[in-house]
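From just these sequences and the hints, can you work out the full model?
Quick mapping for you: the protein sequence lines, in order, are chains A and B. Going by my numbering, the residue at position 226 of the first sequence is 226; the numbering climbs one at a time, nothing skipped. One gets my numbering by counting positions in the second sequence from 1 and adding 256 to each.
The hints are simulated quantities; they were obtained by calculation from the structure and are not laboratory data. We put the CB at the ideal spot given by N, CA and C, even for glycine. Among these hints, one or two may not hold up.
Unchecked claim - Only part of the chain B face toward chain A is listed, based on derived beta-carbon distances under 10 Å:
{"no.": "1", "residue": "359"}
{"no.": "2", "residue": "362"}
{"no.": "3", "residue": "460"}
{"no.": "4", "residue": "466"}
{"no.": "5", "residue": "482"}
Said to hold, decoys possible - The calculated label-pair distances, taken between Cβ atoms and stated as ranges, are:
{"no.": "6", "chain 1": "B", "residue 1": "382", "chain 2": "A", "residue 2": "71", "range": "29 to 37 Å"}
{"no.": "7", "chain 1": "A", "residue 1": "119", "chain 2": "B", "residue 2": "417", "range": "31 to 39 Å"}
{"no.": "8", "chain 1": "A", "residue 1": "149", "chain 2": "B", "residue 2": "274", "range": "31 to 39 Å"}
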Amino acid sequence: MSAPVLLEARAVAKHFGGVKALRDVSLTIRQGEVYGLIGPNGAGKTTFFNCMTGLYVPDGGGFVFAGAPLVADAPHRAAERGIARTFQNIRLFGNMTALENVMVGRHVRTRAGVFGAILRNGATRAEEAAIRRRAEELLHYVGIEDCADDLAKNLSYGDQRRLEIARALAAEPKLLCLDEPAAGMNGAETAELRVLIEGIRADGVTILLIEHDVKLVMGLCDRVAVLDYGALVIEDVPAVVQHDPRVIEAYIGVAA
Amino acid sequence: MNKWLTPRSTLGLVLVAAALIVLPFVVGMGGQAWVRILNFAILYAFLALGLNIVVGFAGLLDLGYVAFYAVGAYTWALLASPHFGLHLPFWAILPIGAVFACIAGALLGAPTLKLRGDYLAIVTLGFGEIVRIFMNNLNAPVNITNGAQGITLIDPVVVGQFKFSATSTIFGLTVTGPQKYYYLLVLLALGVILVNYRLQHSRIGRAWQAIREDEIAAKAIGINTRNVKLLAFAMGASFGGIAGGIFAAMQGFVSPESFSLIESIMILAMVVLGGMGHIPGVILGAVLLAILPEALRYAVVPVQKALFGEVLADPESLRMLVFGLALVLVMRFRPAGLWPSPERRRELAEKTQ
Numbered sequence: 001m002s003a004p005v006l007l008e009a010r011a012v013a014k015h016f017g018g019v020k021a022l023r024d025v026s027l028t029i030r031q032g033e034v035y036g037l038i039g040p041n042g043a044g045k046t047t048f049f050n051c052m053t054g055l056y057v058p059d060g061g062g063f064v065f066a067g068a069p070l071v072a073d074a075p076h077r078a079a080e081r082g083i084a085r086t087f088q089n090i091r092l093f094g095n096m097t098a099l100e101n102v103m104v105g106r107h108v109r110t111r112a113g114v115f116g117a118i119l120r121n122g123a124t125r126a127e128e129a130a131i132r133r134r135a136e137e138l139l140h141y142v143g144i145e146d147c148a149d150d151l152a153k154n155l156s157y158g159d160q161r162r163l164e165i166a167r168a169l170a171a172e173p174k175l176l177c178l179d180e181p182a183a184g185m186n187g188a189e190t191a192e193l194r195v196l197i198e199g200i201r202a203d204g205v206t207i208l209l210i211e212h213d214v215k216l217v218m219g220l221c222d223r224v225a226v227l228d229y230g231a232l233v234i235e236d237v238p239a240v241v242q243h244d245p246r247v248i249e250a251y252i253g254v255a256a
Numbered sequence: 257m258n259k260w261l262t263p264r265s266t267l268g269l270v271l272v273a274a275a276l277i278v279l280p281f282v283v284g285m286g287g288q289a290w291v292r293i294l295n296f297a298i299l300y301a302f303l304a305l306g307l308n309i310v311v312g313f314a315g316l317l318d319l320g321y322v323a324f325y326a327v328g329a330y331t332w333a334l335l336a337s338p339h340f341g342l343h344l345p346f347w348a349i350l351p352i353g354a355v356f357a358c359i360a361g362a363l364l365g366a367p368t369l370k371l372r373g374d375y376l377a378i379v380t381l382g383f384g385e386i387v388r389i390f391m392n393n394l395n396a397p398v399n400i401t402n403g404a405q406g407i408t409l410i411d412p413v414v415v416g417q418f419k420f421s422a423t424s425t426i427f428g429l430t431v432t433g434p435q436k437y438y439y440l441l442v443l444l445a446l447g448v449i450l451v452n453y454r455l456q457h458s459r460i461g462r463a464w465q466a467i468r469e470d471e472i473a474a475k476a477i478g479i480n481t482r483n484v485k486l487l488a489f490a491m492g493a494s495f496g497g498i499a500g501g502i503f504a505a506m507q508g509f510v511s512p513e514s515f516s517l518i519e520s521i522m523i524l525a526m527v528v529l530g531g532m533g534h535i536p537g538v539i540l541g542a543v544l545l546a547i548l549p550e551a552l553r554y555a556v557v558p559v560q561k562a563l564f565g566e567v568l569a570d571p572e573s574l575r576m577l578v579f580g581l582a583l584v585l586v587m588r589f590r591p592a593g594l595w596p597s598p599e600r601r602r603e604l605a606e607k608t609q
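What follows is the structure, given as structure tokens:
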């Protein structure tokens, strides 16, 4: 693989009191790949996500994204730099319509301020129209354009997942981080999700995928990292990871 | 092309405009006191719409909003009264008052950024009281605010030779001071309505709504929640400042007493009662809460005299009783407010299903 490195985690550590949630995790994500992050419950996957997107400040180490370090404790900065994410327990703006949710997602890529809003000058109106157009396109892209005017919280579970992805894509990310997107989905929905993720990758967005569905991860990802007790066990292509004894041990336990 | 100007809505607009124009003369037939009450109703609507930006749009519970009203009022009082011998024109003072209030808003916003809900309410409540106590005590060692005595002989709004405080005859029509202020207030109120509406349907308005809905998700999609929240505080505060300036000019007198906690609570009650975040609802709430207590004041004494032959209950205390009862009833039967936005009504309806 010769694709350039997009994200590099350097010895990232995070502890909550005495619990070491992340122990010096180092990994590299290359441009254009789908990178899977798996591990048993409580292995530190979401903590890793939160450190990377600036919701947590790491206690050690740091991230280099697209050639420059990521500032800790500045989630909006991470989004500006091109990291967008979804949440394990869907976090939509429930009382806004689906369309509005995606429109908010355009926030980092648009400029209009208070004065623009009040004066509603030509530039602001043009920007507003562009935001709306792009949001409609994205709803169409993830396949929920029929729900544009429904409140987000009234969408079905699967559509909420899709809407969250559309909202994340609205920020034009270089790296899209999906936190257990297939959780709670049935087989058919998971298959549809897989098509969607492959489409996003084909559009040139690098994807970091946290997932429990091992079949999905192994089928979709170019490379996979396994976390256990906050430490990196292995980082390699799915075929190797699948048969690594340490991975099997982490998931199933040691043979007696 | 223009979806707003259908024949029907044009007719509606003309009717509303005509009603707004003749209203002070109709009300004036019952005495100028009623025009003053009407003016206060509009002033409160203005304040409530300012607070609506903070509470309704951004979802930040502010119990000290009256502080910004006070800052605006004192700015006008100090820059246009014999107290310092300054008599700046209104077009200079109103923006200065708005800027001062805006700064005060940012000052309050900055330390409270990490607080939400109850905790934010407590800090803002304290802030409101601090400002009032400042006004009460800034008379020594250097006399700035003249303490509890307040500042008197404040200049009215004057445009050229046209004084808003005096009665004058325009085209053979006698127009009193309060009636002139009425038109000024209506113009200002239309301005704040427009600003509210445009902010709500803008990039910033959506960002506020997103913060209200889920702050973590808002951060994750790249909203700088610190700046956007400060903006809400500052915007809301500057409207409070403008309202304060007009208040000082209209009354000709300010003292710390006018800016007590109960005022903040009244303004918040107007927002909540009317329908948080919904502009027509907030206006309705403000007008009702400003006029009903006054109407009650006029009704209570005659009604008691007719029923019992004597005045048993003091109108002032009855007022609070009725006010409290009204609040309880509205919260019980119309929890989203008297005139909530369609979305909010849907939202609450679903919850109770």
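Is the shortest C-beta separation between residue 466 of chain B and chain A less than 10 Å? Residue 466 of chain B check passes; min Cβ-Cβ to chain A is 5 Å, inside 10 Å.
Is the shortest C-beta separation between residue 362 of chain B and chain A less than 10 Å? violated, 13 Å
Given the range 31 to 39 Å, decide if the beta-carbon distance of residue 119 of chain A to residue 417 of chain B lies inside it. holds, 32 Å
31 to 39 Å was suggested as the range; check whether the CB atoms of residue 149 of chain A and residue 274 of chain B agree with it. At 35 Å between Cβs, range holds.
Distance restraint evaluation - residue 382 of chain B, residue 71 of chain A, Cβ atoms, bounds 29 to 37 Å: Holds: the Cβ-Cβ distance is about 33 Å, inside 29 to 37 Å.
Holds or violated: is there a CB of chain A closer than 10 Å to the CB of residue 482 of chain B? Result: holds, 9 Å to nearest chain A Cβ.
Restraint satisfaction for residue 359 of chain B [CB to CB of chain A, less than 10 Å]: Nearest chain A Cβ about 15 Å off; hint violated.
Close enough to count: is the Cβ of residue 460 of chain B nearer than 10 Å to one in chain A? holds, 5 Å
When held up to the earlier numbered hints, the structure conflicts with 1 and 2 and fits the remainder.
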